[in-house]
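Novice: Spelled out, the chains give:
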Amino acid sequence: MNKELLKTELQRACAKVAPYFPLDHFVAVNPYQAYADKPFHEAAAELKKQSGLNFTLEADYYLKKYREQYIQASDLREALVRHGMHTDLDQFLLTAESQKTKTKSTDRFPTLASVADSLSEKTWAKMIKKRISHWAASYFDTKQAIWKSPFQNLGLYEAWKAEFALDRSLELSGLKNSRAFVRSLPSDAFTALNEGLEKLGIQETELASYFGRLLYQHSGWSAYIAQTDWDNRLAGKEDTQLPEFLAILVSCERALLEAVEIPNLMQQWEKSRTHFAQKSTQVDPLLILQEAFELAYQRQLKQQFAHAKAPSEAAQIKVQAAFCIDVRSEVIRRNLEKVDKSIATLGYAGFFGMPVSYTPLGFESAQDQCPVLLKPTYQVTEACSIEDHVEAENRTWRIQLKKLKYYFKSSAISCFSFVSPLGLSFLPKLVANSFAWSRPLKNPNEAGLSKAWLDQRKATPNLEGISFEQKLSLAKNTLKGLSLTKGFANWILIVGHGANTTNNPHATGLDCGACGGHAGEVNARVAAGILNDKSIRQALTSDGIFIPAETLFIAGLHDTTTDEISLIYDSEWIAGREREMLELKLKLNEAGELARKERSLSLGINPLESIDKLIKRRSKDWSEIRPEWGLTGCSAFVIADRKRTSAIDLGGRSFLHSYTWQDDAEFKVLEGIMTAPMVVTSWINLQYFASTVDQKHFGAGNKTLHNITAGIGVLEGHSSDLRIGLPVQSIHNGTEFQHEPLKLNVLIEAPLEAINRILEKHQSIRNLVDNGWIHLFQLDENGKVAHQYHKNLSWHKEVIASTSHTQIEELVA
Amino acid sequence: MTPETIGLIALSPLLAFLFIALLSAYQSGSRPLLLNRLALSAGAGSILVSGILITQLILQGVQTIQVLHIADYAWFIRLDQLSITMLSMVSVIGFFVIKYSLKYMDGDERQGAFTGRLAATIASVQLVIIAGSLSMLLLGWFITSVALNRLLLFYPNRSGAIIAARKKFLMARFSELFLVIAVVAVYQEFKSDSLEVLFAQLQMQSGPLSFRLQLASWSIVLAAVFKSAQFPLHGWLIEVMETPTPVSALLHAGLLNAGPYLVIRLSYLIQLNPDVQTLLIAVGGFTALYGSVVYMSQNSIKTFLSYSSAGHMGFSLFMCGLGLYPAGLLHLMAHSIYKAHAFLSSGSIIEQQRANKVRPSLRQGNTGIIILALLSSISLFFGFAYLFQTDLKGDTAMLLLGIVIILGISYILVNAWDSDSSKTFKARAFAFALTVLLAFFSLEAVLHHLIEAQIPEVSLATTPLIAAFAVVLVYTLVILGQLMPIEWSAGLKQAVYVHFKNGLYVNTVFDRLIGTWKLGQKKN
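Protein sequence lines correspond, in order, to chains D and X.
Residue numbering for the first sequence follows the working numbering, starting at 1 and increasing by one per position.
Residue numbering for the second sequence follows the working numbering, starting at 1001 and increasing by one per position.
These aren't lab readings, by the way, just hints derived from the structure by calculation.
Just so you know, even glycine gets a beta-carbon here, dropped at the ideal spot from N, CA and C.
Fair warning: there could be bad hints in the mix.
Some residues of chain D that are not near chain X, with every Cβ distance over 10 Å (derived) [what the hints assert, rightly or not]: (1) 50; (2) 303; (3) 309; (4) 549.
Straight-line C-alpha distance at most 25 Å; calculated SDA-like pairs for lysine to any residue [stated by the list, open to error]: (5) 405/D / 1435/X; (6) 1426/X / 146/D; (7) 429/D / 1432/X; (8) 143/D / 1518/X; (9) 409/D / 1446/X; (10) 405/D / 1107/X; (11) 696/D / 1107/X; (12) 402/D / 1363/X; (13) 403/D / 1380/X; (14) 405/D / 1368/X; (15) 318/D / 60/D; (16) 476/D / 355/D; (17) 403/D / 1427/X; (18) 409/D / 1356/X; (19) 458/D / 575/D; (20) 1103/X / 405/D; (21) 65/D / 41/D; (22) 65/D / 1484/X; (23) 176/D / 1509/X; (24) 1518/X / 259/D; (25) 1103/X / 695/D; (26) 620/D / 1356/X; (27) 130/D / 1432/X; (28) 1099/X / 607/D; (29) 1426/X / 696/D; (30) 176/D / 1518/X; (31) 64/D / 1518/X; (32) 143/D / 1485/X; (33) 534/D / 569/D; (34) 130/D / 184/D; (35) 1393/X / 1476/X; (36) 64/D / 1061/X; (37) 405/D / 1379/X; (38) 126/D / 1426/X; (39) 64/D / 1107/X; (40) 409/D / 1359/X.
Extracted from the complex, chain D is given alone in its bound form (with noise of 0.2 Å):
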């Protein structure tokens, strides 16, 4: 085989696995983001096809969709016709009722132990994936086992190799001379790929498929090492890891040739690849469907802008509160400017430009408070006074303490002095917790410190890691991405959020992804540090931005699990204005209320119950599986000013970002935000999308069997592959799907042509809106959809008719 062309393939199959984000920081992922130059239905189609992936719902759920008429005749036929398609509708039907979604394994690429599974009496498939899986777990963990393994040194492939020559588990289960193979082997990972597949007899033009095959077939650890080798990408370092696990692969395949004896196993092998590449792919109906969907979605979405009333002239704006553009915000959003008409909201990705590494007190490494896209430029740290270093000290003690109690409850022999003398206290723990009176364990952000320090710390972090011309460039970087440069209220709320769960092992994929996956609440603080800086805000007059001395900047919190919003600020900033503040408080704490009542209804809370009691209580019950519904139901991003979108109930399901055209001379702003806030949305909508339609590789599975391993994921039971993604629980409620699976709806209010040459300017968001994985619209000046994207730069003009349903005349821009 030519080195060069298997060294691309291998490139390139590697580049197509999107990474998986350890549960410390369990950020999401478009599991496709690699797939994003093909349209969404060709990407779909080829996935399947080699590797069984789904791209949709059962037909079942449509079809129910379509009875109810939520789906509607026209949205179909619309659907028919983009694919060029000119069935007859009912033809049509009776095709897709038909239809099953399971591909038959027989149809996929095939893997030889596939293959072998088929010739013996044995499931070898299964017996090496879990070999596969429980290595991994091994050779990875260095935080949960207490014995760590002794190969963590070497790199993936030799470790594997040492390993695996080593372990009787393969022989003792049937592949007899397995440790022998292994030792056979080429000690370096590509020769031992390139040996595998010419003994395989895998020809250069079914690489892809093969690899392809293969990496799904572990999709959960390869999405893992796909992240190692992301990180060490981003420091520089060597990022090889997948393309040695995929060496390791086949070599477990080769295994199967030449550790065992199976029958005509070559034969076969070589018959079943042959039918694959005869197999042709037809356009599936239930892709079809599935467009349908997004078209009744679309129609009803601009019909609510559509008929959106006029928002009333304002009150006088009192206070101005940004939140995170998160799904979550736009709930409290709206039900706080109900409370009070003199209370603005605006929308900015979570971690209000700055891109924060964090050091808690006390910890050794610092944490990235930032998209997983961006490296973090600047250290922040809490430690400022001498009462700070003392209590990191304390905490380190604190801490250490209970890891040795830890160790001591958990090592050989010493955990018999452990269980008899002090296995009984756990019971007050048992009552404890179960009643939700305390959580098993402080909340990480808490743990080893004192309350009186975490009382009296103070609202800023310490800045000194940021120089004075950087503040300034964030000030004002902050601030225009807000569209916030004149109009100042007196109280300017900066809220992050982060989610309040217990016993959640996905706790941190609820917390604020724009955050890396953290809470949002050291970003607020930097912020309001950074804007309530008498010199900075003096030096930002020179560019126009006159900030009154009476302007407060004020960071919060906002709970997504409860609703509640805490704010953060040392007393003496608010000397003399306690009164105002106290009213601040009153609102927000109303607001929370609605918001509460609001989302009772999802969770399934019975409204005659005290709902407020009700929802608090999830976040400290060790029960809970369905605490919150984090982002489920994502499904717009509307880039306009909040007055577009005030005086509409988007329910909880519509990323917010504030900005106003007029205000950006040269669409800089639109740019940045196009770039990267709408690609992060576009993230986690294909995340919460891929979990739904195919839970099988990008969803976690059944949250009750859930088995945390090497603290970087879940197992499924005992000992099933990583799993990666939302678990079911997350996006479905026992009794349907919380979540719909829509791509995501982006509505932006600017000149097209702006748009335009923002996308001209960049190939990879341009591919997201060309491909179908996002749809793009344009807002009017009268907040009404007025253009939807169609192709290569070009715009179909919307007519919202009377009717219910939108016609389409062509526009070229």
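Please build the complex by placing chain X on the supplied structure of chain D, with the hints as guidance.
Specialist: For chain X alone, kept in the frame of chain D given last:
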């Protein structure tokens, strides 16, 4: 209260759970409101009943109550210190597991069936505990397996669940077989299977054991060993996380106990046969070592906890073998509470890791300090023994247990004192070690006093004593191996790690024997 009333009270939770299990056939689906409410009430009622029975016990002493009478044959329940202690514990665990499940299983399309099966399982465990007749205990023993099997296969299409259930099925049948043999042998010997009769007769026993009683004692121990996942029969235990978390909690905290409980219940018989004591010491002692070593290397939380359970059951049986029945019971109960909490909170381990980011405490390898810490551990232990007036000279078994405690204390002190951490840390670790010792001696005293009446005075024969010394010696070496700054060669480190991580391949061989990899084929 009349005995009948007390009997009825004692049986009421069991009957309530049974009723719920039957009712679940009619409300087996999603969000079974009535069933859930009843189950929770039965759980709470069960705790209340335990309270009443404790009061009764204090007021009226041990009671054997006839609950069923057919021709010449009568069934009794026995309410004594041992059964009521266990019943209280199981009631507490049962209640919290049910409470947890109500939320945790919310939305599952077969939640009703789940609740029903939990109820059936709890009822069967209660039956085992309060049984005053061996045949009743046997019936309970059998139903626990059946009920648990239904829980293990709650998701019946998971091939992993099927395999684990199949392994457990084999173990359970063996365990039942042995128990049947024991019951028949005892009945033939004494013409009664009432525990009261049995205990009275056994206390008068002198001279060599009859063949029947020898057979019975062997069978009892084997039934316990098969029930409590002792090496090399533990394969199923480490795989049963193929079913929801509350089942694991109930299994590890409520069902696995049955083995040591049986041995403690029939301690009057066991103590008459030094050979079975040796067996208990060998199997229990080895499983304890094996479980506690293997679990250190496990990367998945539930597998980790499962190996630990096998080890703790082993340690409990080991103590029974030594004749330290109160200590064995204490270990059993303490383990139940701890393990129930550990499983139910197993989703929190990531939070622990997130907080674990301070400067690690690093070992210095200072031999002087290590020796000081070891000597301190020993002196502290004997100091406490003196304070609590524990007789160690006359009680070799207690001394052996003491050594295990000393090993644990040295683990704390060596790791703390021989580290680069602050003085505060070292002082706190010392205080923690004192707490452990204080708790150990107080609980030991209390429990000994509590169930003294229900267990025999034991003096160990030579063979079991030698076996026990051997076990404790190995334990000591394992602890020293962990504490001493010894640098192993890389090759040895790797080999030892790989083999132990795979549990010495016991489960792999077992998989092959029962055709695991063939079974999967049929299912998928």
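Novice: Indicate, hint by hint, whether the structure satisfies it.
Specialist: A quick look at each hint next to the structure:
Distance check for residue 50/D against chain X: the nearest CB is about 20 Å away, which clears 10 Å, and the non-interface claim stands. At roughly 32 Å from the closest C-beta of chain X, the C-beta of residue 303/D stays outside 10 Å, upholding its exclusion from the interface. Look at residue 309/D: its CB is around 37 Å from the nearest CB on chain X, clear of 10 Å, so calling it non-interface holds up. The claim that residue 549/D lies off the interface holds: its Cβ sits roughly 40 Å from the closest Cβ of chain X, which is beyond the 10 Å cut-off.
Pair hint residue 405/D plus residue 1435/X holds up; C-alpha atoms about 12 Å apart against a cutoff of 25 Å. Simply put, residue 1426/X and residue 146/D have alpha-carbon atoms about 21 Å apart, close enough for the 25 Å limit, and the pair holds. Restraint check for residue 429/D and residue 1432/X: satisfied, since their Cα atoms lie roughly 18 Å apart, inside the 25 Å limit. The straight-line distance between the Cα atoms of residue 143/D and residue 1518/X is roughly 35 Å, outside the 25 Å bound, and the hint therefore fails.
Using a Cα cut-off of 25 Å, the hinted pair residue 409/D and residue 1446/X holds, with the two alpha carbons roughly 23 Å apart. A distance of roughly 37 Å separates the Cα atoms of residue 405/D and residue 1107/X; the hinted pair therefore is violated under the 25 Å criterion. Distance restraint check for residue 696/D and residue 1107/X: the Cα-Cα separation of roughly 20 Å lies within the 25 Å cut-off, and the hinted pair is therefore satisfied. Restraint check: the Cα-Cα separation between residue 402/D and residue 1363/X comes to about 16 Å, which is no more than 25 Å; the hinted pair holds.
Between residue 403/D and residue 1380/X the alpha-carbon distance is near 23 Å, which keeps this suggested pair within the 25 Å criterion. Restraint check: the Cα-Cα separation between residue 405/D and residue 1368/X comes to about 23 Å, which is no more than 25 Å; the hinted pair holds. Taking the CA atoms of residue 318/D and residue 60/D, the gap is near 51 Å; set against the 25 Å cutoff, the hint is violated. Distance restraint check for residue 476/D and residue 355/D: the Cα-Cα separation of roughly 14 Å lies within the 25 Å cut-off, and the hinted pair is therefore satisfied.
Taking the CA atoms of residue 403/D and residue 1427/X, the gap is near 15 Å; set against the 25 Å cutoff, the hint holds. Of the supplied pair hints, the one linking residue 409/D and residue 1356/X holds, its CA atoms being roughly 16 Å apart against a limit of 25 Å. A hinted pair counts as satisfied when its Cα atoms are at most 25 Å apart, and residue 458/D with residue 575/D qualifies at roughly 16 Å. Note on residue 1103/X and residue 405/D: the hinted pairing is violated, with a Cα-Cα distance of about 31 Å set against a maximum of 25 Å.
At most 25 Å may separate the alpha-carbon atoms for a hinted pair to count; residue 65/D and residue 41/D meet this at roughly 21 Å. Distance hint between residue 65/D and residue 1484/X is unfulfilled; the C-alpha atoms sit about 68 Å from each other, more than 25 Å. Taken as a hint, the residue 176/D and residue 1509/X pair is honoured in the structure, with Cα atoms around 13 Å apart against an allowance of 25 Å. Annotation: proposed proximity of residue 1518/X to residue 259/D holds, straight-line Cα distance about 19 Å (limit 25 Å).
Of the supplied pair hints, the one linking residue 1103/X and residue 695/D holds, its CA atoms being roughly 23 Å apart against a limit of 25 Å. For the given pair, residue 620/D sits about 21 Å from residue 1356/X by alpha-carbon distance, which is consistent with the 25 Å threshold. Annotation: proposed proximity of residue 130/D to residue 1432/X is violated, straight-line Cα distance about 41 Å (limit 25 Å). As the CA atoms of residue 1099/X and residue 607/D are separated by approximately 22 Å, the hinted pair is consistent with the 25 Å bound.
Note on residue 1426/X and residue 696/D: the hinted pairing is violated, with a Cα-Cα distance of about 49 Å set against a maximum of 25 Å. About 16 Å separates the Cα atoms of residue 176/D and residue 1518/X, which keeps this hinted pair within 25 Å; it holds. Restraint check for residue 64/D and residue 1518/X: the C-alpha separation of about 40 Å exceeds 25 Å, so the hint is violated. For the proposed pair residue 143/D and residue 1485/X, the alpha carbon gap of about 22 Å is at most 25 Å, so the pair holds.
About 16 Å separates the Cα atoms of residue 534/D and residue 569/D, which keeps this hinted pair within 25 Å; it holds. Among the hinted pairs, residue 130/D with residue 184/D is consistent with the structure: their alpha-carbon atoms are about 23 Å apart, no more than 25 Å. Between residue 1393/X and residue 1476/X the CA atoms are separated by roughly 20 Å; this keeps the pair inside 25 Å, and the hint holds. Among the hinted pairs, residue 64/D with residue 1061/X is inconsistent with the structure: their alpha-carbon atoms are about 66 Å apart, more than 25 Å.
Between residue 405/D and residue 1379/X the CA atoms are separated by roughly 21 Å; this keeps the pair inside 25 Å, and the hint holds. Restraint check: the Cα-Cα separation between residue 126/D and residue 1426/X comes to about 49 Å, which exceeds 25 Å; the hinted pair is violated. About 21 Å separates the Cα atoms of residue 64/D and residue 1107/X, which keeps this hinted pair within 25 Å; it holds. Restraint check for residue 409/D and residue 1359/X: the C-alpha separation of about 21 Å stays at or below 25 Å, so the hint holds.
Consistency with the previously given hints fails for numbers 8, 10, 15, 20, 22, 27, 29, 31, 36, 38, ordered from lowest to highest.
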